Structure formats: structure tokens, C-alpha cells
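One line per chain: the protein sequences are A and B, in this order.
Under the numbering used here, the first residue of the first sequence carries the number 3, and numbering increases by one thereafter.
Under the numbering used here, the first residue of the second sequence carries the number 671, and numbering increases by one thereafter.
These are calculated hints, taken from the structure and not from any lab test.
Small disclaimer: the values here were computed from a predicted structure and weren't measured.
Check each hint, because a few of them may be wrong.
[Said to hold, decoys possible] Listed below are several chain B residues computed to face chain A (Cβ distance under 8 Å; list not exhaustive):
| id | residue |
| --- | --- |
| 1 | Pro714 |
| 2 | Phe719 |
| 3 | Pro762 |
| 4 | Lys770 |
| 5 | Thr772 |
| 6 | Gly774 |
| 7 | Gly776 |
[Said to hold, decoys possible] Lysine-lysine pairs mimicking DSS-like chemistry, simulated, CA-CA at most 30 Å apart:
| id | chain 1 | residue 1 | chain 2 | residue 2 |
| --- | --- | --- | --- | --- |
| 8 | A | Lys46 | A | Lys85 |
| 9 | A | Lys13 | A | Lys73 |
| 10 | B | Lys712 | A | Lys85 |
| 11 | A | Lys46 | A | Lys80 |
| 12 | A | Lys80 | B | Lys712 |
| 13 | B | Lys737 | A | Lys64 |
| 14 | A | Lys17 | A | Lys85 |
| 15 | A | Lys64 | A | Lys80 |
| 16 | A | Lys13 | A | Lys80 |
| 17 | A | Lys46 | B | Lys737 |
| 18 | A | Lys13 | B | Lys737 |
| 19 | A | Lys46 | A | Lys13 |
| 20 | A | Lys17 | A | Lys64 |
| 21 | A | Lys64 | A | Lys46 |
| 22 | A | Lys64 | A | Lys13 |
| 23 | A | Lys85 | A | Lys13 |
| 24 | A | Lys46 | A | Lys73 |
| 25 | A | Lys46 | B | Lys726 |
| 26 | B | Lys712 | B | Lys726 |
| 27 | A | Lys17 | B | Lys726 |
| 28 | A | Lys17 | A | Lys80 |
| 29 | B | Lys712 | A | Lys46 |
[To be verified] Here are the computed distance ranges between Cβ atoms for each label pair:
| id | chain 1 | residue 1 | chain 2 | residue 2 | range |
| --- | --- | --- | --- | --- | --- |
| 30 | B | Gln740 | A | Arg18 | 41 to 49 Å |
| 31 | B | Ala738 | A | Lys73 | 20 to 28 Å |
| 32 | B | Arg698 | A | Gln100 | 27 to 35 Å |
| 33 | A | Gln100 | B | Lys712 | 19 to 27 Å |
| 34 | A | Gln61 | B | Lys712 | 36 to 44 Å |
| 35 | A | Arg11 | B | Pro680 | 36 to 44 Å |
| 36 | A | Leu72 | B | Pro783 | 48 to 56 Å |
Where a beta carbon is used, it is the ideal one built from N, C-alpha and C, also for glycine.
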Amino acid sequence: EAGVAQSPRYKIIEKRQSVAFWCNPISGHATLYWYQQILGQGPKLLIQFQNNGVVDDSQLPKDRFSAERLKGVDSTLKIQPAKLEDSAVYLCASSYEQGRGAFFGQGTRLTVV
Amino acid sequence: QKEVEQNSGPLSVPEGAIASLNCTYSDRGSQSFFWYRQYSGKSPELIMFIYSNGDKEDGRFTAQLNKASQYVSLLIRDSQPSDSATYLCAGPAGGTSYGKLTFGQGTILTVHP
Numbered sequence: 003e004a005g006v007a008q009s010p011r012y013k014i015i016e017k018r019q020s021v022a023f024w025c026n027p028i029s030g031h032a033t034l035y036w037y038q039q040i041l042g043q044g045p046k047l048l049i050q051f052q053n054n055g056v057v058d059d060s061q062l063p064k065d066r067f068s069a070e071r072l073k074g075v076d077s078t079l080k081i082q083p084a085k086l087e088d089s090a091v092y093l094c095a096s097s098y099e100q101g102r103g104a105f106f107g108q109g110t111r112l113t114v115v
Numbered sequence: 671q672k673e674v675e676q677n678s679g680p681l682s683v684p685e686g687a688i689a690s691l692n693c694t695y696s697d698r699g700s701q702s703f704f705w706y707r708q709y710s711g712k713s714p715e716l717i718m719f720i721y722s723n724g725d726k727e728d729g730r731f732t733a734q735l736n737k738a739s740q741y742v743s744l745l746i747r748d749s750q751p752s753d754s755a756t757y758l759c760a761g762p763a764g765g766t767s768y769g770k771l772t773f774g775q776g777t778i779l780t781v782h783p
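Let the hints inform the model, and build the full structure from the sequences given.
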């Protein structure tokens, strides 16, 4: 069974530029999460989708971050404009259903300079 | 109060000893908990889950859940140097936030030969 796919693996951008991350969850997984993990901290939930609907986006900085999950499968997370403090690893995870454990992709390491 | 809280450690144990990792949570409606292991530079990997009060054993790992005390723990018996990693506790919130998967800040475990 293929795991969660993410791209790109690494990205370096200048502040105020925009960037997008892509995620393809495990086949059949209805729940998709985007997390931000800053070095030395646990993953912080940015947004959770159930199929193509948003379940929770309370910690998503909506003035600069946006996410969508068209057709309930792939998802993209966008940052525009980026700030230095956005430097982190962005992790996508998926779960068969809410309340179950999630499986993570390899993450995208973003560096904003 | 954070939804899921771990004592950040670090925890250092000798090879062959029992490592004990602890986590408390604030949402009494939470029904299940997950333990993830994260090696340096890698994404979190699901290693244990527990849905009911009591103990659940899987090989050298035992997860314990005490809903009355809102406490969950992970015991690693016969610790090996390869167990050295950050261990993350995660729980889905209950009630209106059902399924929101929130992580603690992690406990760094070092197993020394």
C-alpha cells in the first residue's frame, strides 16, 4: 500500500514570496491533516479535512495560509506571503476515518530567508 | 491548558531498562490516544494506539490509559539504542471537536549502551 506522498521535499524562498505544497493521501483515507512542525516542538494542526470539507482550521493563519482539497483526494497548502517564522516542516497526514490514527508523509522542509 | 501535554524530558535510560513516557490531556471526551515515534529528520510514525482504559501490550511496548485521571503513558521494556527518538502523544478531541488530532510537544528519549 502506497503511503502519503508529499512534494516538494525541500523549499527555500525569500520572505514575502509565495509557496505551495502538495499532498496525496493514502487511497481510501477520508480524513486529511496538514501540520506545521517547528524544530523541537510537536506538530501543530493547521487544518483538517473530512473528504473535501473543512473540519477544523482554527489554527490556520488565514491572512496568509490557505488550503483546499478538491474532489476529496489531493490537497494543496499555500502560503502567501511567507514570513521568516513560517520556516518549519509541513507535514501531511491521512486517516481512514476521524478518531483513528493518522499516517504521515515525509514532509516538506520550508526555509524562508 | 494545552489539550495534550507531555513532560518534555529529555529522558535518558541505560540499554535494557524500562523507559516510561507520560502524557496528560484536558478533554474528558477524548476516546482514544496514539503514540508516535519520530527519529531526527524524519516524520512521525504511529507505533501504538489505545481506546479503552487499562493496558495494551505490543511486543516491548505497553500503552496505559487512565480516563479518570486523564493520563496516558507508554512503557518501553528492554530499551535499545535504536529506541532513541522523540515520542509524541496524540489524542483526538471529543465533543464538537471530534477527530481533531492534537499532539503533545514530545519527549526526547536517549537509550545509552
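We went through each hint and held it up to the structure:
At about 5 Å, the closest approach between the beta carbon of B/Pro714 and any beta carbon in chain A falls short of 8 Å, and the interface hint on this residue holds. Look at B/Phe719: its Cβ gets to within about 5 Å of chain A, closer than 8 Å, so that hint holds up. A hinted interface residue such as B/Pro762 counts as satisfied when its beta carbon comes closer than 8 Å to some beta carbon of chain A; here the least separation is about 5 Å, so the hint holds. The interface hint given for B/Lys770 is met, as the beta carbon of that residue sits about 5 Å from the closest beta carbon of chain A, less than 8 Å.
With a cut of 8 Å, the hint placing B/Thr772 at the interface with chain A holds, because the nearest CB-to-CB distance is about 6 Å. Hint status for B/Gly774 relative to chain A: holds, with the closest Cβ pair at about 5 Å, below 8 Å. A hinted interface residue such as B/Gly776 counts as satisfied when its beta carbon comes closer than 8 Å to some beta carbon of chain A; here the least separation is about 5 Å, so the hint holds. Between A/Lys46 and A/Lys85, the direct Cα distance comes to roughly 17 Å. Compliance with the 30 Å bound is thereby established for this hinted pair.
Taken as a hint, the A/Lys13 and A/Lys73 pair is honoured in the structure, with Cα atoms around 26 Å apart against an allowance of 30 Å. The hinted pair formed by B/Lys712 and A/Lys85 meets the criterion: a straight-line CA distance of about 24 Å does not exceed 30 Å. This hinted pair checks out: A/Lys46 and A/Lys80 have alpha carbons roughly 16 Å apart, not beyond 30 Å. Annotation: proposed proximity of A/Lys80 to B/Lys712 holds, straight-line Cα distance about 22 Å (limit 30 Å).
For a cut-off of 30 Å, the pair hint linking B/Lys737 to A/Lys64 is broken: about 35 Å separates their Cα positions. Straight-line distance between C-alpha atoms of A/Lys17 and A/Lys85 comes to about 5 Å, which keeps the hinted pair within the 30 Å bound. With a C-alpha separation of about 10 Å, the suggested pairing of A/Lys64 with A/Lys80 holds against the 30 Å cut-off. The straight-line distance between the Cα atoms of A/Lys13 and A/Lys80 is roughly 13 Å, inside the 30 Å bound, and the hint therefore holds.
A C-alpha spacing of about 24 Å is found between A/Lys46 and B/Lys737, which places the hinted pair at or below 30 Å, so the restraint holds. For a cut-off of 30 Å, the pair hint linking A/Lys13 to B/Lys737 is broken: about 42 Å separates their Cα positions. The suggested pairing of A/Lys46 with A/Lys13 holds, with an alpha-carbon distance near 20 Å, which does not exceed 30 Å. A distance of roughly 17 Å separates the Cα atoms of A/Lys17 and A/Lys64; the hinted pair therefore holds under the 30 Å criterion.
A distance of roughly 15 Å separates the Cα atoms of A/Lys64 and A/Lys46; the hinted pair therefore holds under the 30 Å criterion. With a CA separation close to 21 Å, the supplied pair A/Lys64 and A/Lys13 stays within the 30 Å bound. For the given pair, A/Lys85 sits about 14 Å from A/Lys13 by alpha-carbon distance, which is consistent with the 30 Å threshold. A hinted pair counts as satisfied when its Cα atoms are at most 30 Å apart, and A/Lys46 with A/Lys73 qualifies at roughly 25 Å.
For the proposed pair A/Lys46 and B/Lys726, the alpha carbon gap of about 27 Å is at most 30 Å, so the pair holds. The suggested pairing of B/Lys712 with B/Lys726 holds, with an alpha-carbon distance near 26 Å, which does not exceed 30 Å. For the proposed pair A/Lys17 and B/Lys726, the alpha carbon gap of about 47 Å is over 30 Å, so the pair is violated. Restraint check for A/Lys17 and A/Lys80: satisfied, since their Cα atoms lie roughly 14 Å apart, inside the 30 Å limit.
About 16 Å separates the Cα atoms of B/Lys712 and A/Lys46, which keeps this hinted pair within 30 Å; it holds. Hint check: B/Gln740 to A/Arg18, Cβ distance near 43 Å, so the stated range 41 to 49 Å holds. Our hint of 20 to 28 Å for B/Ala738 and A/Lys73 is violated, since their Cβ atoms are close to 43 Å apart. Between B/Arg698 and A/Gln100 the beta carbon distance is about 18 Å. The supplied range of 27 to 35 Å is therefore violated.
A hinted range of 19 to 27 Å holds for the C-beta pair A/Gln100 and B/Lys712, which are about 25 Å apart. A hinted range of 36 to 44 Å is violated for the C-beta pair A/Gln61 and B/Lys712, which are about 23 Å apart. Checked against the hint of 36 to 44 Å, the pair A/Arg11 and B/Pro680 fails, with Cβ atoms roughly 28 Å apart. For the hinted restraint 48 to 56 Å between A/Leu72 and B/Pro783, the CB-CB distance of approximately 51 Å keeps it satisfied.
The structure fails to meet hints 13, 18, 27, 31, 32, 34 and 35 from the earlier list, while all remaining hints are met.
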